[in-house]
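Sequence order for the protein chains is A and B. No gaps in the numbering here: position 271 of the first sequence is 271 in full-length UniProt numbering, and each next residue is one more. No gaps in the numbering here: position 152 of the second sequence is 152 in full-length UniProt numbering, and each next residue is one more.
Heads up, a few of these hints could be off.
[Claimed, not checked] When the alpha-carbon atoms are kept at most 25 angstroms apart in a straight line, the in silico DMTMM-like pairs for lysine to aspartate or glutamate are as follows:
| # | chain 1 | residue 1 | chain 2 | residue 2 |
| --- | --- | --- | --- | --- |
| 1 | B | Lys115 | A | Asp256 |
| 2 | A | Lys258 | B | Glu118 |
| 3 | B | Lys115 | A | Asp254 |
Just so you know, these hints were derived from the structure itself, not from any lab.
So the chains spell out like this:
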Amino acid sequence: MHKALLAAACLALSSLPALAQELVLGAVVPLSGASATLGDDQRRGIELAVDKINEKGGLLGGKKLRVIVEDSGGRAPSALDAAKKLVTVDNVPVVIGEYSSGITIPVGQYLVQEGRVHLNIGSSSGKIRGLGDGSFSLIGLDNVSSGFAAQDVVDNKWKKAAVIVPNNAYGQGVAEQFQKAFAALGGEVVTTVMYTEGQTTYRRELQQMERSEPDVYVYSAYGKEAATINRESFELGINATPWYAIYLSMCTSDADPKFIQGQYGLDLNYIGPDGAAYEAAYKAKYKEPFKTSFNGYGYDAVMMAAAAIEKAGSAEPKAISAALKEIGNGYKGATGDITFDADRQRSKQPYLKLKIEDGVQQR
Amino acid sequence: MVQFVVDVLIRAVDLALIAIGLSSVYSLIRFPNVALVQYATTGALLALCLQMAGLPLVVAAIAACALVGIIAVVLNVIVFERLLRAGSAIAMIGSLALSMMFSAIFLVTAGPRPKRFELEINPPLRFLGARLTEHQLMSVGISALAIIVFALILFRTDLGRCMRATATNSVLASATGIDTRKVTNTVVFLSGVMAALGGIGLSVKGEMSAQLGLDMLLPVFAAAILGGLGNALGAAVGAVVIAAAETMVTNVNFGPLFGASVLFIPAAYATAASFLLLVVVLLIKPYGLFVSEVKRV
Chain A
1 MHKALLAAAC
11 LALSSLPALA
21 QELVLGAVVP
31 LSGASATLGD
41 DQRRGIELAV
51 DKINEKGGLL
61 GGKKLRVIVE
71 DSGGRAPSAL
81 DAAKKLVTVD
91 NVPVVIGEYS
101 SGITIPVGQY
111 LVQEGRVHLN
121 IGSSSGKIRG
131 LGDGSFSLIG
141 LDNVSSGFAA
151 QDVVDNKWKK
161 AAVIVPNNAY
171 GQGVAEQFQK
181 AFAALGGEVV
191 TTVMYTEGQT
201 TYRRELQQME
211 RSEPDVYVYS
221 AYGKEAATIN
231 RESFELGINA
241 TPWYAIYLSM
251 CTSDADPKFI
261 QGQYGLDLNY
271 IGPDGAAYEA
281 AYKAKYKEPF
291 KTSFNGYGYD
301 AVMMAAAAIE
311 KAGSAEPKAI
321 SAALKEIGNG
331 YKGATGDITF
341 DADRQRSKQP
351 YLKLKIEDGV
361 QQR
Chain B
1 MVQFVVDVLI
11 RAVDLALIAI
21 GLSSVYSLIR
31 FPNVALVQYA
41 TTGALLALCL
51 QMAGLPLVVA
61 AIAACALVGI
71 IAVVLNVIVF
81 ERLLRAGSAI
91 AMIGSLALSM
101 MFSAIFLVTA
111 GPRPKRFELE
121 INPPLRFLGA
131 RLTEHQLMSV
141 GISALAIIVF
151 ALILFRTDLG
161 RCMRATATNS
171 VLASATGIDT
181 RKVTNTVVFL
191 SGVMAALGGI
201 GLSVKGEMSA
211 QLGLDMLLPV
221 FAAAILGGLG
231 NALGAAVGAV
241 VIAAAETMVT
251 NVNFGPLFGA
261 SVLFIPAAYA
271 TAASFLLLVV
281 VLLIKPYGLF
291 VSEVKRV
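So that you can see chain A by itself, here it is in the shape it has in the complex:
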């Protein structure tokens, strides 16, 4: 009985951040589900930033920084549960996340409503722009990326494109923006397929697309779903037509190299001029080159939040938000120059044109 009481008291004490000499932030990323590989890579970036800050002596005069990383499971309801837990139980001022736009939007809405700071590090739906004060994007939204993709496809002399994207906020945004940009450049989207997430086969969708006889297949899909699409396009023999990936490292993170040979695509330029030290730290800790292009955004998010807390001299969400707006003007992040526009969205986002040769991305 006494022991149980003691344990309960200890538990109550340890969950009070004010008593512990540490500063706690939160993150919600997909550590399981279709985007698990990408979410885990986001976590790596976050971890590296926390290590770096604590090595330099922590924040606000010696407080250790800790980021609680919660799993969203790739599902909006569990992501919201995780965000609620971070806000109500851990009482964190800043939450980083999620990956997929369809999940980032409700999580962001909830955080803005609760008066916390939301940092988007992986989603690019245009709808994120409207989340409201307190929500920041460290990544360029899809009007920028789709325009870039359309130009690249036209430059490769492909006129008829068949598009396949997930049936969610992200996919709808990409499909709409790509069609608009591609049509403006004289191309034609001959068919658009919105696939249902989480299926074990996409054969029927691929066969429908094939009937439109495109010059190029343009796709954007989450890790494991993209792996299924790539395998089945190989099995159907339609990979003889060029494939173009929007966010190539997301589309190929779980694929067998044999099925993605020769694919074209764009990706985020994940290393800015000041990113060399970060890249070296990543390689040293995880013993491999960058797994995907999304880890750097996790790193930058933590570093920027830390800088904002130092600048504001407090961990109050309002103060952090105000400080972020000042910092976010030519901030030199690992992913390059981060400058927020009036809607707190990253205004400049460099991209890379890539092609897969022998299972490796070539610039």
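Using the hints, position chain B against chain A.
Same frame as chain A, but now just chain B:
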């Protein structure tokens, strides 16, 4: 056109194996066993485990089928025989409960991520303009063979005669000296084997997940009901009809009607089409396309 036939055939054999098992068990014990589709997932996962343990796929598949057959018999003896004493509706609800337990067990043991057999994947073979992978060819061949063997057992052996006699009138059958309980358990065993084979065939061609069985539930029931519940070979025909409906809906180009070059119904609506067909057929022929052994009495 050839591609259409190939696609229908591939889908039909997947459905047919499980639908035949469902229908033949129904003919004997008069309740549709919902958990049967979960035996398909169990078969696929067991075969994967055995393959990962080092067995060649063929051996792993045979062992998994036998194991699932035994599981089916054990569950029949300890669960369904008791529930059936309270009525077939109770037994069906019991099988639904069992099926949910299976889902939970799959999630805990195998996890939510889809898995694949370790198989070499090669470019498709061309056959009269249609594409077919080796795995598809193999799976269709094995499934067709299994259906033929089952039909031969049903119509050419003593066991088959006992099965049909029990299905037609079990009281009379046992009065003539047939051990109806033994016959029933043999059929339950065969249905488990066929469901497992169906699950393995499905996974060889693509991926397996904890959802594999539940995704098959509605089309399999539709096929079995369409063929006349209780009529094993009717279920095979039902499977072909459902597969044709699903494939047709996603393959018809509505583009010319709306002035676009290509316009298809999204593939996610394929199952809805098969149900529309089921409803229409049942309105016209309430007992399914074929009169079953059960109804003949």
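Now for the hints, and whether the structure bears them out:
Proposed proximity of Lys115/B and Asp256/A is supported: the alpha carbons are some 14 angstroms apart, at most 25 angstroms. Between Lys258/A and Glu118/B, the direct Cα distance comes to roughly 15 angstroms. Compliance with the 25 angstroms bound is thereby established for this hinted pair. Straight-line distance between C-alpha atoms of Lys115/B and Asp254/A comes to about 12 angstroms, which keeps the hinted pair within the 25 angstroms bound.
In summary, this structure violates none of the numbered hints.
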